[in-house]
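Below are the chains, spelled out letter by letter.
Number of protein chains: 2
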Amino acid sequence: MKSKISLITLGVDDLNASRQFYEKLGFKLAVEENLDSVVFFELSTSGMLFGLFPKEKLAEDSQVPNDGAGFPGFSLAHNVSSPEEVDKVLEEAVAAGATLAKAGEKVFWGGYSGYFKDPSGFLWEVAHNPFMDLT
Amino acid sequence: MKSKISLITLGVDDLNASRQFYEKLGFKLAVEENLDSVVFFELSTSGMLFGLFPKEKLAEDSQVPNDGAGFPGFSLAHNVSSPEEVDKVLEEAVAAGATLAKAGEKVFWGGYSGYFKDPSGFLWEVAHNPFMDLT
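Line by line, the protein sequences are chains W and Y.
In terms of this note's numbering, the first sequence is residues 18 to 152.
In terms of this note's numbering, the second sequence is residues 18 to 152.
Don't read these hints as lab results, they were simulated from the structure.
Just so we're clear, the structure is a prediction, and the values are computed from it rather than from any experiment.
Glycine is no exception: its CB is placed at the ideal position from the N, C-alpha and C atoms.
Careful, some of the hints might be misleading.
[What the hints assert, rightly or not] Simulated DEER-style distance windows between Cβ atoms:
1. W:Thr116 / Y:Met149: 28 to 36 angstroms
2. W:Ala86 / Y:Ser54: 22 to 30 angstroms
3. W:Leu52 / Y:Glu109: 19 to 27 angstroms
4. Y:Leu117 / W:Gln37: 13 to 21 angstroms
Assemble the whole structure, with the sequences as input and the hints as a guide.
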């Protein structure tokens with residue numbers, strides 16, 4: 018695993034309200050499409066994006082129940098170059114003491130991803146995105 | 018406010034255990050001192066750090082009770098060049114719809130910082146750090 022965060026995604030209550038809030042603060046959209054589903058802002062920290070996603074959807078995507086206890090409400094993403102590398106990083110994380118939340122699988126947006134929880138329960142998505150290079 | 022995250026800090030349950038976990042995964046320390054208090058890892062995303070801090074201490078620092086409800090358990094930081102700019106960004110955030118969690122003040126580590134909560138309750142620290150340039 019490289020010392021890298023590719024994306025931080027906040028699971029928000031109201032996607033439009035949150036997008037408008039961050040736009041008012043000066044954040045610039047990285048992607049103009051599908052703003053009703055997911056929002057990506059550019060960051061001056063190169064190679065990294067800041068995302069907003071409805072909290073319920075993030076819970077569903079990571080297969081961690083949004084019950085206020087085990088679900089941290091946001092995720093860090095670590096992007097890699099292939100589905101095989103996703104599986105490898107998930108294995109490494111589990112070997113280091115992580116808990117597998119979701120094994121790597123093909124996902125609705127066309128990539129391949131899985132999730133692990135760190136020792137405090139924070140969620141990391143390990144992803145291969147063939148459309149956007151965040152490795 | 019620039020479109021920038023300077024630092025993401027996870028409020029962890031066991032600082033040593035979490036440091037060891039991330040070191041096993043390949044994260045490199047940015048600072049070698051005071052590892053019993055706070056841990057900073059380098060990221061390949063330039064100008065940004067990844068921090069670990071005991072959850073209770075993060076709650077205390079942000080003046081948000083660690084009651085499992087209103088406390089997200091991590092913070093994003095936006096660093097600026099002066100204490101005056103901290104106050105200005107906090108004002109801007111409140112004007113855009115944020116809630117002030119802690120007004121700007123001199124803090125124990127020698128800098129000046131305050132916190133706001135975004136519309137979903139996520140915590141942002143706005144900080145001036147005279148020792149480490151993360152602006």
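### Query
Which hints, by number, does the structure contradict?
none
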